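Student: Read off the chains here:
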Amino acid sequence: GAVVSQHPSWVICKSGTSVKIECRSLDFQATTMFWYRQFPKQSLMLMATSNEGSKATYEQGVEKDKFLINHASLTLSTLTVTSAHPEDSSFYICSAPGGQGGFEQYFGPGTRLTVT
Amino acid sequence: QKEVEQDPGPLSVPEGAIVSLNCTYSNSAFQYFMWYRQYSRKGPELLMYTYSSGNKEDGRFTAQVDKSSKYISLFIRDSQPSDSATYLCAMNVGTDKLIFGTGTRLQVFP
Chain W
1 GAVVSQHPSW
11 VICKSGTSVK
21 IECRSLDFQA
31 TTMFWYRQFP
41 KQSLMLMATS
51 NEGSKATYEQ
61 GVEKDKFLIN
71 HASLTLSTLT
81 VTSAHPEDSS
91 FYICSAPGGQ
101 GGFEQYFGPG
111 TRLTVT
Chain B
1001 QKEVEQDPGP
1011 LSVPEGAIVS
1021 LNCTYSNSAF
1031 QYFMWYRQYS
1041 RKGPELLMYT
1051 YSSGNKEDGR
1061 FTAQVDKSSK
1071 YISLFIRDSQ
1081 PSDSATYLCA
1091 MNVGTDKLIF
1101 GTGTRLQVFP
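If you're matching them up, the sequences are chains W and B in order.
Those letters in the first sequence? Residues 1 to 116, by the working numbering.
Those letters in the second sequence? Residues 1001 to 1110, by the working numbering.
It is worth saying that the hints were derived from the structure and are not from the lab.
Hints may contain errors.
Here are some, though not all, of the chain B residues that point toward chain W, as calculated from beta-carbon distances under 7 Å [to be verified]:
1) S1028
2) Y1039
3) G1043
4) P1044
5) L1047
6) K1097
Straight-line distance between alpha carbons at most 30 Å, and here's what the computed DSSO-like set of lysine-lysine pairs gives [said to hold, decoys possible]:
7) K1067/B <-> K55/W
8) K64/W <-> K1067/B
9) K55/W <-> K66/W
10) K20/W <-> K1067/B
11) K1097/B <-> K55/W
12) K41/W <-> K66/W
13) K20/W <-> K55/W
14) K20/W <-> K1042/B
15) K1067/B <-> K1056/B
16) K1097/B <-> K64/W
17) K1097/B <-> K1002/B
18) K1056/B <-> K1002/B
On a predicted model such as this, the values are computed, not experimentally measured, just so you know.
The beta carbon of each residue, even a glycine, is placed where N, CA and C say it ideally should be.
Go ahead and model the full structure; you've got the sequences and the hints to work with.
Tutor: Here it is in structure tokens:
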């Protein structure tokens, strides 16, 4: 149980375009999901907390107009990178709290974004 | 000072060795402590979680939490080449955002 999927697993886009990444909880409901980015050989950096039915909460330094988050249902959160630049190239990972206590977090497999 | 400190390694050990991975933290409110394993270009995989102080064992893995010292450890016995990965400690107060360590890269050679 507690499986989180992401789609796509990798994507290449041109500078200036937008790309959407989906995060789904497959066998449980998640009112909250988290979005991270990870640069090579570095740890995960929390970008924002996605809340079902309300606005996302962004971490300091993360541009909310550039990284649009929508949590439209209890099993789906999306991250849209708008007007992508090469420096946005990174590994984006989502997670959702699950398990018996609800404090364990389960991660998706990640999406590798390359902006050319 | 970072909330969670973790030695980035890399740590290189021979197959069969006992591996000790450690994290220290500064926030005494943390109650849930987790260890994740991340293979290259994959999402983190939850290995173990512990609530408050104490030990927890699962096969070759043992997690320890010492809240009085704000110190957590993960021990891997009889390490295998397949254990080669980055190990991340993480913790939180409850059902909120996790605070991660920087991760320790482990290499187990045959």
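Student: If a hint holds in the structure, say so; if it does not, say that too.
Tutor: Consistency of the hints with the structure:
1. S1028: 17 Å, violated
2. Y1039: 10 Å, violated
3. G1043: 4 Å, holds
4. P1044: 5 Å, holds
5. L1047: Nearest chain W Cβ about 11 Å off; hint violated.
6. K1097: 6 Å, holds
7. K1067/B <-> K55/W: 35 Å, violated
8. K64/W <-> K1067/B: Outside the cut-off at roughly 36 Å; violated.
9. K55/W <-> K66/W: 14 Å, holds
10. K20/W <-> K1067/B: Given that 30 Å is the threshold and the Cα spacing comes to 41 Å, the pair is violated.
11. K1097/B <-> K55/W: Holds - the C-alpha atoms of K55/W and K1097/B are around 16 Å apart, at most 30 Å.
12. K41/W <-> K66/W: 24 Å, holds
13. K20/W <-> K55/W: 17 Å, holds
14. K20/W <-> K1042/B: 19 Å, holds
15. K1067/B <-> K1056/B: 14 Å, holds
16. K1097/B <-> K64/W: 18 Å, holds
17. K1097/B <-> K1002/B: 16 Å, holds
18. K1056/B <-> K1002/B: OK: K1056/B and K1002/B at ~26 Å, within 30 Å.
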